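From these two lone chains plus the hints, build me the complex, please.
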Amino acid sequence: NAGVMQNPRHLVRRRGQEARLRCSPMKGHSHVYWYRQLPEEGLKFMVYLQKENIIDESGMPKERFSAEFPKEGPSILRIQQVVRGDSAAYFCASSPSRVGTEAFFGQGTRLTVV
Amino acid sequence: DQQVKQNSPSLSVQEGRISILNCDYTNSMFDYFLWYKKYPAEGPTFLISISSIKDKNEDGRFTVFLNKSAKHLSLHIVPSQPGDSAVYFCAASANQGGSEKLVFGKGTKLTVNP
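Heads up: the protein sequence lines correspond to chains A and B, in order.
FYI, the numbering used here numbers position 55 of the first sequence as 388, with every residue one higher than the one before it.
FYI, the numbering used here numbers position 34 of the second sequence as 286, with every residue one higher than the one before it.
Honestly, the hints are just simulated from the structure, not real lab data.
Since this is a predicted model, take the numbers as computed values, not measurements.
Take these hints with a grain of salt, some might be off.
[Stated by the list, open to error] Examples of chain B residues lying across from chain A (beta carbon under 7 Å, computed):
{"no.": "1", "residue": "Y291"}
{"no.": "2", "residue": "E294"}
{"no.": "3", "residue": "P296"}
{"no.": "4", "residue": "E352"}
{"no.": "5", "residue": "N365"}
The C-beta atom is built at its ideal place from N, Cα and C for all residues, glycine as well.
So that you can see chain B by itself, here it is in the shape it has in the complex (with noise of 0.2 Å):
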């Protein structure tokens, strides 16, 4: 029962490009989410969150788009870099009970090419 998918594994984009991570969710509970920027070895960082009342959130070269009615999100990174080489997970969080655990999808490996 995956409750956020991230139906692409990897993506490749050139350096200068705009790098878009898309996100899908079924549970119609969710109210917040989140990106998080993994690299090998390393614990999730924090990148951006949206909350289910906006539906654009920016912050730099990274933006996130939420399309409720559609149960979408989407990453726009822009302009990529080869630092941003990572593995990214898009979390959605419910305010349900006294736990917010997050519910992750399986990530999207971004190589950016120089």
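Just chain A, with the same shape it has in the complex (with noise of 0.2 Å):
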């Protein structure tokens, strides 16, 4: 059984640019959580998401940055016109249930925005 699978596990993308980050949760998972990583802190909890919806985005800036999870296919961190702050490190955790402390972790994917 596969674990979380992000990718790409290293991004870089010039201000301006839109930046797409995968996670493909774990068989018979159908829920999914995304955390950023800023440097020298704790992860953050940005949004919540079970197949086709979003449960919980409290933790996403307003602007620029959405998320999905289709029917098929992975997750999807969308950030748009990325700047210099964007730059961190984002995990996806997938999990049975709305329980997220029974989430399993990806390895991240590296944002670095030049």
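Below is the structure:
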């Protein structure tokens, strides 16, 4: 049973470009959480999704950021018009239920904005 | 607004000795606490957890203690091994609504010297 797969592992974008981060949950998991880790910080919750639904996006910046988890395919975290402050490690976690404490984390995508 | 605090950015111990990592929280709604271990360039890996109805949970060399009145928990590793060298994150969760997102501390970097 493969773990949570995130790709790409590293992503470099110029300011103003779009970044797309993908997360394939573990088999049988229909709940996905996205977290962001800024340098020297802990992980901060961004959004919680179930298949085709956003359940909690209280941690998402109001502008430029969006997330989806379609019926088929991976969950996508999209950042439009990236700025230097978006540089961070983005982690996805999947869970078989809404209980985020049972979630397994992927290896993360490290986004660098130049 | 740091609801979960790990006040020691780093800790260094000798192999075979005890490692004690500390964590404080401010939100009295938190009812579940977890410790994660993280190696560089990898995602967090679940280590051990404790519910607020308990004051101690043990798993092999790892023990977590919870003092609810002090809003404090600690992770004890005995005996410490060089392979334990990693960043340890304390996280907390509140069973509120349909989302059980985790709130993380900033982490403590543990170094176990041979």
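Tested hints:
Interface restraint check: B/Y291 against chain A, minimum CB-CB distance 10 Å, threshold 7 Å, status violated. The closest approach between the C-beta of B/E294 and any C-beta of chain A is roughly 5 Å, which is under the 7 Å cut-off, so the hint is satisfied. Satisfaction of the interface hint for B/P296 is found here, the shortest Cβ-Cβ separation to chain A being roughly 5 Å, below the 7 Å cut-off. Interface hint status for B/E352: upheld, as the beta-carbon distance to the closest one in chain A is roughly 4 Å, under 7 Å.
A least Cβ separation of about 23 Å between B/N365 and chain A goes past the 7 Å threshold, and the interface hint is therefore violated.
Violated hints, listed in ascending order, are 1 and 5; each of the other numbered hints is respected by the structure.
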